[in-house]
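Participant: Listed here are the chains, written in short residue letters.
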Amino acid sequence: MQDNQTPDTVLTALAGALASGGVQLVDLTRTLAPDDPTIVMPPEFGQSWPVRIERISRYDGTGPAWYWNNISFGEHTGTHFDAPVHWVTGRDLPRNSVDTMPLEPMLAPACVIDCTEACDKDADHLLTREAILDWEAQHGQIEPDCWVIMRSGWGDKTGAEYANLQADGAHTPGPDAEAIRFLVDDRNIQGFGTETIGTDWGQAGHLSPPYPAHHYLHGAGKYGLQCLTGLEALPPRGAMIFAAPLKIKAGSGSPLRVIALVPGGTD
Amino acid sequence: MTRPVPPKKNPLLRTQVPLLPPQPRSLRGHLLIAAAATGRFALQRCAECGTVAYPARDACSECLSPDLPLTDVPAGGTLLSETTIRNTADPYFRRLTPIRQGLIQSDAGPQIIAFLHRDCTPNGRVTLSLKLDAGGQPVVFAFPEGPAAPDAEEDPILRELTADPLHARILLTDGRHPASVALCKALLGAGAAHIFVGVAERWKPSAQIDALAAVEGVELIDLDPRDERSVMDAAADLAGKIEIVVNSAYHYRPGSLLDSGAALRIKDMMEVGALGLVRLSQTFGAAMMGRGADGDRPALAWVNLLSITAQLAHPAAVTYSAAQAAELSVAQSLRGMLRGGGVRVVNVFHGALDIDWFEQVPPPKLGAGALSKGVVDALKRGLEDVYLGAEAEDFRERMDQNPKEVERSRWT
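Each protein sequence line maps, in turn, to chains A and B.
Quick note: the first sequence, position 222, residue 222 per the working numbering, numbers continuous.
Quick note: the second sequence, position 64, residue 1064 per the working numbering, numbers continuous.
In short, the hints are calculated from the structure, not lab data.
Check each hint, because a few of them may be wrong.
Said to hold, decoys possible - Below, computed lysine-lysine pairings styled on DSS-like, alpha-carbon distance capped at 30 Å:
#, chain 1, residue 1, chain 2, residue 2
1, B, 1204, A, 157
2, A, 249, B, 1267
3, B, 1365, B, 1404
To be verified - Examples of chain B residues toward chain A, derived with CB under 10 Å:
#, residue
4, 1201
5, 1204
6, 1207
7, 1227
8, 1228
9, 1229
10, 1230
11, 1253
12, 1260
13, 1264
14, 1265
Since the model is a prediction, treat every value here as computed from it, not as a measurement.
Yeah, the Cβ is synthetic: ideal placement off N, Cα and C, and Gly gets one too.
Sequences and hints are given; from them, build the entire structure.
Facilitator: Below, the structure is given as structure tokens:
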């Protein structure tokens, strides 16, 4: 807040900017739909439910004037939020579930690292510490308590192309272990976001440690956002992300509507 | 396979309403349903004097003993006389005239009035069989003895008593069933016109689905029985032109009642099985029920592939057993509903399948080929309850004799 600003004037200015288009709202959320790919575990493990929508009534005998549905899905379905308790490394942290976590991280600035060109050429592209340093050289150092979003272009994909499952598992881009350790230890980010089904690389089970994004992020009390879309509307820095998971008792995560506040035109 | 491909339906003509033959039977007469449903020729035989009774009776006509258990008897006979019904007041049979019926001296003893196959010759030898009519009641049908003529299956009364897949358009609900490729090939081999194969979650790669897509006559469609909208969308396109549904929805997970997540596992399996069958019934079933007499291409049958664990819980697959029992219950209700439309529901029971999930189970296990052959055979013979493979056959025999023995032996 600048010296001549008060909370009142900041919010008033924001309302005015939203109304005028000076600040635009961008939806970063995939539609919760039954056929959208979800995480798949080996069959002997428990599975996360995909989205199911069952009609209760639609202006008919089971409800003459109203339409509504029962819905079901796993906590990690569609565009969703990962809380620290999701991973074993974060199990003993305080306020580690979606119902107990602090509110402040739900509205936070975002740094967007554009990897679309590399990911377009290689589905197994790894975001490295060097690539992050290159980004910082161009856009400035990543500040604490912000989201770092890996933009891969994956959010434009659907179905088999999106999941990209092969005989040896998923092939989707993601960060390597060193990149995540750098973001957590040296930059103290609040969380890491991706367009793919998980915050981790598709083949991350073969990294050390396995699934390093989950391992390090949640072990340090950081958050995950995945299955994002529409990231092309975000500048490398300057956007704010509103990401508030459902307040599920002891929940490990939740589907959510992710909205970005983005600087708009000046007219 | 001599019948030509039926012409396309004339959309200006009214679709015939399904009718049923007269349904009342005596309480004893229901005994014969069990035999007809499983393809046995069994009649009541007096336990005291050995006299075979037909029609079903409460007491032996020779010695008045009430002990007349259903017993497999010789199926041979000689045609004594015949008549051809050219007109009748019964609305169902009016559509089928002329109808040949004959009086047959059965080798088992009684004289039996039966429907005659068109190839039966005067005073010739015949083979008797019990069949279920369109309403699910038992009738006797006589085949000529000896090798069948190439077009024997075209007998009009026999077609009423069976569900031959020749020229039928079929829906196989789950292309991921381990026997789906074999099932499609067997049904196409039996003359099926086209098979729509449902595939859920097309984004999950599968060599089996790729193999199905390469089979001529197979068309993959999006269908997830767990998803109400998906089933409704598929039915919107296809429900009016399916003659046979083969419900192959398959989701097996082993587990004990005390395993963590057991309830969740049952729920997952019930979503595919019992609840999937509910969704399919409400859409495809409802449409088929109105098409049981739909000209040259009436809706014929609905096949459910079920495990014998539906009838008795198995310690190695308790959660699966519970889900299968629920599916069997829905299948029985579907049978009752579709019977009104003259569409038969065939429940095919099998033991362990020859797949990875049952790797540790010793043989005999049921292979995809045997399962597929059994499904086609059940349709062509008009069966209602089929037990395929040595394990299932043994299960049925032991359950017939003493279900408590089977329960105890499984759980000790």
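Participant: Indicate, hint by hint, whether the structure satisfies it.
Facilitator: Going through the hints against the structure:
Distance hint between residue 1204/B and residue 157/A is fulfilled; the C-alpha atoms sit about 15 Å from each other, no more than 30 Å. Annotation: proposed proximity of residue 249/A to residue 1267/B holds, straight-line Cα distance about 22 Å (limit 30 Å). Of the pairs offered as hints, the one joining residue 1365/B and residue 1404/B holds, with about 24 Å between alpha carbons and a cut-off of 30 Å not exceeded. With 10 Å as the threshold, the beta carbon of residue 1201/B comes within range of chain A, its nearest partner Cβ sitting at about 7 Å, so the hint holds.
Taken as an interface hint, residue 1204/B checks out: its beta carbon lies about 6 Å from the nearest beta carbon of chain A, inside 10 Å. Residue-level restraint check for residue 1207/B holds (minimum Cβ-Cβ distance to chain A is 9 Å; threshold 10 Å). Hint status for residue 1227/B relative to chain A: holds, with the closest Cβ pair at about 4 Å, below 10 Å. Annotation: interface hint on residue 1228/B holds; nearest CB of chain A at approximately 5 Å, less than 10 Å.
The restraint placing residue 1229/B at the interface with chain A holds, with a minimum CB-CB distance near 7 Å, inside the 10 Å limit. Interface restraint check: residue 1230/B against chain A, minimum CB-CB distance 6 Å, threshold 10 Å, status holds. With a least beta-carbon distance of about 7 Å to chain A, the hint placing residue 1253/B at the interface is held under the 10 Å criterion. Nearest Cβ of chain A to the Cβ of residue 1260/B: about 9 Å, under the 10 Å cut. The hint holds.
At about 7 Å, the closest approach between the beta carbon of residue 1264/B and any beta carbon in chain A falls short of 10 Å, and the interface hint on this residue holds. Interface hint at residue 1265/B: satisfied, since its Cβ lies 8 Å from the closest Cβ of chain A, which is below the 10 Å cut-off.
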